[in-house]
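Novice: Listed in order, the protein sequences are those of chains H and Y.
The C-terminal position of the first sequence is numbered 168 in UniProt numbering, with every residue numbered one higher than the one before it.
The C-terminal position of the second sequence is numbered 850 in UniProt numbering, with every residue numbered one higher than the one before it.
Keep in mind that the hints were calculated from the coordinates and are not lab data.
Glycine included, C-beta positions come from ideal geometry on N, C-alpha and C.
Take the hints with a grain of salt, since some may be wrong.
In the DSBU-like style, the derived pairs of lysine-lysine whose C-alpha atoms are separated by at most 35 Å in a straight line are [said to hold, decoys possible]:
1. Y/K717 <-> Y/K741
2. Y/K770 <-> Y/K788
3. Y/K764 <-> H/K92
4. Y/K302 <-> Y/K260
5. H/K92 <-> Y/K178
6. Y/K139 <-> Y/K178
7. H/K90 <-> Y/K306
8. Y/K178 <-> H/K136
9. Y/K764 <-> Y/K50
10. Y/K788 <-> Y/K717
11. H/K92 <-> Y/K681
12. Y/K230 <-> H/K136
13. Y/K681 <-> Y/K741
14. Y/K139 <-> H/K136
With the C-beta cut set under 8 Å, the calculated list includes, among others, these residues of chain H facing chain Y [what the hints assert, rightly or not]:
15. N86
16. E88
17. L98
18. G119
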Amino acid sequence: MKEILKALINVFLKMPQGFVVTLKHVFKKPVTLDYPREKKPMAPRYRGRHYLERYEDGTERCVCCGLCAAACPADAIYMEPEETPNGERKAKVYEINLLRCIFCGFCEEACPEEAIFLGQEYEFSDFNRDSFIWRKEDMLVPHPRKDNPFKRIIRRVRRVYGVPDAAR
Amino acid sequence: MSTSTTTQPAVKMVTLTINDQSVTVPKGTTVLQAALGAGIHIPTFCWHPKLKSVGACRICYVEIEKMPKLQVSCATEATDGMVVKTESDIVKRGRKAVLEFILANHPLDCPTCDKGGECDLQNLTFAHGLDDSRFDFLKRRHIVPGVPSTFDDLRIGPEIMLNRNRCILCYKCVRSNKEAFGEYDIGAFERGNAMEINAAPGEQVANPFSGNLVEICPVGALTNSDWRYKIRVWLTQTTPSIDIFNSSGSNILFYKEDHKNRIFRTISRRNDEIDDGWITDVARYGYQLVHSPDRLQKPLMKKGSKQVPVEWEEAVAFVARRLAEIDDTKGCVCIGGLASPTLDLDSLHSFSKFMRKVIGTNNLDFRIDYRSLPEKPDSAFSTLSSQPFTIAEIDTSDVIFVFGSDLVKEHPNEYLRIRKARNFGRPLVYSVNSFNVKSADVADREFIYAPGTEEVFINGLCLAAIEENPGLSGADGLKRKISPADLNSAAKTCGVSAEDLKALARTLINGKKISFIVGDQVSLSRDREVIAAALCNLNRLVGITSRGQMAALARYADSIGAEKLGLIPNPHPDVKRALTDLWGGFPEMAGYHTEGMFSQMLKGELDAMVILGANPVAMYPDHEAVAETFEKLDFLVVADLFETETTAMADVVLPLASWTEFAGRYVNLEGRIQKAERAIKPLYESKPAYAILADIAAAARKPLFSSAREREEEIEKVLACTTVRPWPGDYLDVRPPAIDKDPAYPIMLIIGDDPHHRCYVTEKAASLVKFCSDAYIELSPELAEKFKVEDGDAVRVESKYGKLMAPVKVSRVLEGDVVFLPRNFSVTRANSLVSRKARIDWVRINKVSG
């Protein structure tokens, strides 16, 4: 007798309560996004794909010092330096294996020339493994610039040494 | 080796306390050296263990009790009872201040600096320095005019880049260049804040030791272009190795990268017994030939008239079959072999066993550039060249006698030793030559004897010694055996005055410890037996070896090893016995040496040759005749790194692995066995010589060794025999042969090595080619004036045997009618001017107009 009463209460009182919750959500704005048509803005410090910067005159900032590769815990960066015709140092080969990369951002912290930084993009799917090895040209593309607090000391030294930061 | 400590008088010792540790050192030691000896580290920039202290950088500050200020430990002598602290707070503050001053002008360009990662300043700043600078003004910058670069790099030598912004003015480069190498092509200019290191005006830093300046630079001010912007030092691995281009076997260290299978640079691995940490440029840049694009990649076989690449199996089977055919049809007497004395012990012993056991012939030799070879095995010259010699003994000698040797070109390490002995002691150094040499700048006096009068000079020395000290034993017996038998006529013939001869004889008699070095002017002379006999007489009369050492020094990395392993037709009897015991037999035939093999080839009596790593066509005197000789061969197999004049004539060419590509042992001129480790995997399809020989022997079904172990044990047993030949029991006859001179050819030609070119192979090293790319005619200023030529003008040099054209280089050392021509260049062949029959090569030169 008691069990029958309990079942009746569940059916006629508790269940409609649940339906009310569901019904409420039908009229609410959904929390999910219609990915890939819609994309969520990332946090300001989110670390996505790598970019290489240029100076304003178009020369590459990267001098191929190898500190990013040394800092990289996943050993994802490979580089070979070369000498430019006027005796400066630049990268002949600069590759990042995005399959190895763990997006820790150590390369960005290590870079004394503010040449590399991690952007906001995170979509890397492709059909073959080779396309995940990004070359210098893949990363030397226009990008939104990010300010980085780690670089203050370097900037000051560069000023002391007489090399203007942007114009050189 | 230990005599340096036993023969010297007891030195007063002092005891001091460093960091609560009691240290006892000989008087005269600096505090820095005392601390280093006790295992206490003191940072330094300008100090170098082999140079005198200057105290320029002041980073080696220590606190000494009862002294009011901090003292530079490198220039403070340790005294009794001194109490030194190296890690106190005041010392640390002092270091910090010094670093701050150094960094006031030192740029923060570590990312682009090749020294980054192994920089003393970087490490010390990290350990002691401030993390920021208080000098908030612009840094001093030495801008290179006309170069649109922010890097300010200046090329001051073929291989050296200078960045003056980075320089901390420790003067180590200038000091080592002056003190240790005797070169003045780099210096410090201007004063005060504008002071800079630079090449001497109008000059390039291109001396034979220039690479060392880069190595000892504590910052990245001097870098060399072979390492410049190639790789970061922390990505490389190191392999200890040996320099195989010089006979002293300097110890070197290769920096290589395993994944790329490539060597990136060489630095020295200091060994105080041999090289003192200085290596020649040839040793430093010689590794580049390994990565030359001209390396042989696959075995080549002559099919028709062309050499075509084939597989190893085919080439090896063909060689084994052809050798067996010739052995069957004509006998093993018709097969000969030549091996390069720069090969390792394993290869040389395999070669010896291959020729003697597998083929059964005794025609084998390792001497590839000697003019004439001793006919008898127990000749005077073999005695002289087998004498023991220790490089480190030069340091403590009080008389150093260099006879017939341009040391910088022949034995650079020994030259630096003599220089060091002069810097830190008071030895009497004499340089005796038939022409003026660069290395005479370490000598107290330089004597020039008339061309081709070596034995007369030595006889004169003997006669002068008898006059100085008539009591010398057997003087009468000696006088009967030599001619001229009186001092004055000997002095007149050789062109050195009787007084000078007497003074020289006096120093030889009175010297307490003598180092007597005999060089190439004797070793490569046609009449070297006569000269060696005269030297044996001198030693018997004066007793040089009882008070020191006297030897004709070996010229190649493994010459002594080859001799000890018996790679000559008539090896030392002990070696022969050991080989007979090991192999259960030894070829009965007498065998021919190099010269003998060549004349047999010319007669058509020798039909097949096996050549390992040698290029006799380019290196042996009388180019035309040798080339003609090789054309008569039925079958020639050559293993080499590159295609050479000799491989061009070969039926089978096998790619040989270089000394960096396998572990090998080499015996230097002192008889010291040293090991070169394998740095990289063999490139292309090359193989070490011992592996090639093992393959051929296996294809002939006569395996050489059952295991590498067996090979090593055999080598151990053979090397255990002593090959030092006893001095002759009596005075030897010395009758000077007549010198043939044609008035049409008035100028004496000296053939030797350029300091930046060794054997025929270093032409493939890109850096060395920058120093010297082809042969030149070095002539004295008098001759240059006479023929109205300047640096770079072309002249034609003609001898009776050939002629060639080469650019002029006016010498700074040569005097009189003498020209020098470097040998072993592939384009301008010095050996085409030379005959095997003449003692001196007389030439005439004329200017090429236009």
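Novice: Among the hints numbered above, which are violated by the structure, and what are their numbers in rising order?
Specialist: 1, 5, 7, 8, 10, 13, 17, 18
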